[in-house]
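Asker: Sequence:
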Amino acid sequence: MPRPYALLRAGFPYLKTIGMRRNVDHPVDIALGKEGRVYCLCSMEISPNTGVSTITFEDEFLGKIGGVGKADGKFIWPISIVVDRDETLVISDSALHRITFMRPDGEFLGKWGEHGDGEGQLDRPAGLAFDADENLYVVDTMNHRVQKFTKDGKFILSWGSHGDENGQFDMPWGITIDEVGDVYVVDWRNDRIQKFSADGKFIFALGKSGYGDGEFNRPSGVAVDSDGDIYVADTGNNRVQLFSEEGRYVEEFIGDATLSKSMINYMMVQGTSLMLREHSRLEPQKRFRTPRSVVVDDQKRMYVAEFHSFRVQIYEKQAIPLGADQIAPRVTSRKLKTI
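With this note's numbering, letter number 99 in the sequence shown gets 99, and the count goes up by one each step, no holes.
Derived from the structure by calculation, the hints contain no laboratory data. Here a beta-carbon is modelled for each residue, glycine too, at the ideal position from N, C-alpha and C. Careful, some of the hints might be misleading.
What the hints assert, rightly or not - 30 angstroms max Cα-Cα, derived DSBU-like pairs, lysine-lysine:
1) Lys16 / Lys317
2) Lys70 / Lys195
3) Lys261 / Lys201
4) Lys70 / Lys16
5) Lys34 / Lys201
6) Lys34 / Lys148
7) Lys261 / Lys195
8) Lys195 / Lys64
9) Lys261 / Lys317
10) Lys151 / Lys70
11) Lys201 / Lys64
12) Lys195 / Lys154
13) Lys195 / Lys34
14) Lys151 / Lys34
Unchecked claim - DEER-style ranges, computed between Cβ atoms:
15) Lys111 / Glu45: 17 to 25 angstroms
16) Asp298 / Tyr249: 23 to 31 angstroms
17) Glu252 / Asp298: 19 to 27 angstroms
18) Lys70 / Arg330: 52 to 60 angstroms
19) Gly167 / Arg248: 36 to 44 angstroms
20) Met267 / Lys154: 21 to 29 angstroms
21) Arg189 / Gly11: 32 to 40 angstroms
22) Arg277 / Pro48: 47 to 55 angstroms
23) Val269 / Glu45: 48 to 56 angstroms
24) Phe61 / Gln121: 36 to 44 angstroms
25) Lys111 / Glu252: 37 to 45 angstroms
26) Arg330 / Ile203: 38 to 46 angstroms
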């Protein structure tokens, strides 16, 4: 479907929280599967909980796969997860410089990746994104570039170099591809998002270092919905920022969490935990703590993975698409008319 000419933004309310530390331990990324499955990639240095936790939209824990190690199906420092049309899980491991393919039940399917800075080699791979043809774009962080591969690891193209000019990167991190094939890359140390065509031609950049509207402090994740809206996990500022298709700042999200169903069930048999919450100031507990990833589903619900709160907060977009005949022409000059 074509993107709307404009939107009547009715709201973007908080919907629910899913997950808790016992099943979502330090989530760094999210992938959405079929039938409401949410794959949470958990990554903490040498933690036995490193791997993929599967929970549902209704907050049912379905199990964990992976674990720590260099063997097939294990991870040292996993960073990003995506799923293909068959719901194969694809995971980047920054420490092992490789891409791993697994089934949701934990069956190892394959891997590829070679450490280096040559064509097709990887140095600390991070963000992953599939295009419409299921070619895989990989953010090659310490080589300061993006590389495109076939799903089986055959190199197609790359772009980027170290720097702060348009088209250059300084430790890029997250990535997403919109429905028309444009590529959005989180330029981590340059505190900005860069947008490119599918073959790496620079389109625009948004953001700069800072704490104000439209400014970033070490962003790590990016998503784009079918309206063209751009979502950025502004990790160091503990928020998610929303931008229009043109890169205009719209609003920020700072966190509104309630307890998840799984957390309520756990706490109901923990007398000490209940006592501590009874006497706690609850306002800070709602807020994002190190949001590392943001994902938007087909219903325009936004999922935010919180690294230090061991949970996923979900919001639901409310916006009405508008045609050109429904809204006044855009203002091109703000000069005041004097009488």
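Asker: With reference to the structure, classify each hint as holding or not holding.
Answerer: Here is how each hint holds up against the structure:
Taking the CA atoms of Lys16 and Lys317, the gap is near 13 angstroms; set against the 30 angstroms cutoff, the hint holds. A distance of roughly 34 angstroms separates the Cα atoms of Lys70 and Lys195; the hinted pair therefore is violated under the 30 angstroms criterion. As the CA atoms of Lys261 and Lys201 are separated by approximately 45 angstroms, the hinted pair breaks the 30 angstroms bound. For the suggested pair Lys70 and Lys16, the alpha carbons sit about 36 angstroms apart, so the restraint of at most 30 angstroms is broken.
In summary, the hint linking Lys34 to Lys201 is not supported, as the alpha carbons are separated by about 33 angstroms, beyond the 30 angstroms threshold. Annotation: proposed proximity of Lys34 to Lys148 holds, straight-line Cα distance about 26 angstroms (limit 30 angstroms). Proximity of Lys261 to Lys195 is assessed by CA-CA distance (about 38 angstroms); at most 30 angstroms being required, the pair is judged violated. For the hint linking Lys195 to Lys64, the alpha-carbon distance of about 34 angstroms lies beyond 30 angstroms, and the restraint is violated.
Among the hinted pairs, Lys261 with Lys317 is consistent with the structure: their alpha-carbon atoms are about 22 angstroms apart, no more than 30 angstroms. Distance restraint check for Lys151 and Lys70: the Cα-Cα separation of roughly 22 angstroms lies within the 30 angstroms cut-off, and the hinted pair is therefore satisfied. As the CA atoms of Lys201 and Lys64 are separated by approximately 39 angstroms, the hinted pair breaks the 30 angstroms bound. Distance hint between Lys195 and Lys154 is fulfilled; the C-alpha atoms sit about 24 angstroms from each other, no more than 30 angstroms.
For the suggested pair Lys195 and Lys34, the alpha carbons sit about 28 angstroms apart, so the restraint of at most 30 angstroms is met. About 20 angstroms separates the Cα atoms of Lys151 and Lys34, which keeps this hinted pair within 30 angstroms; it holds. Taking 17 to 25 angstroms as the suggested C-beta distance range, the pair Lys111 and Glu45 conforms, at roughly 21 angstroms. For the pair Asp298 and Tyr249, the beta carbons lie near 25 angstroms from each other, so the given range of 23 to 31 angstroms is met.
Between Glu252 and Asp298 the beta carbons are some 24 angstroms apart, a value that agrees with the proposed interval 19 to 27 angstroms. Range check, Lys70 to Arg330: about 55 angstroms between beta-carbon atoms, so the 52 to 60 angstroms window is met. Checked against the given bound of 36 to 44 angstroms, the beta carbons of Gly167 and Arg248, roughly 22 angstroms apart, lie outside it. The beta-carbon spacing between Met267 and Lys154, approximately 50 angstroms, falls outside the hinted interval of 21 to 29 angstroms.
Distance hint for Arg189 and Gly11: a CB-CB separation of about 34 angstroms, consistent with the stated range 32 to 40 angstroms. Taking the beta carbon of each, Arg277 and Pro48 are about 27 angstroms apart, not inside 47 to 55 angstroms as hinted. The beta-carbon spacing between Val269 and Glu45, approximately 30 angstroms, falls outside the hinted interval of 48 to 56 angstroms. Against the hinted window of 36 to 44 angstroms, the Cβ-Cβ separation of Phe61 and Gln121 comes to about 38 angstroms, which satisfies the hint.
Remark: the range hint 37 to 45 angstroms for Lys111 to Glu252 is upheld by a beta-carbon distance near 38 angstroms. Judged by the Cβ atoms, the range 38 to 46 angstroms given for Arg330 and Ile203 is violated: they are separated by roughly 20 angstroms.
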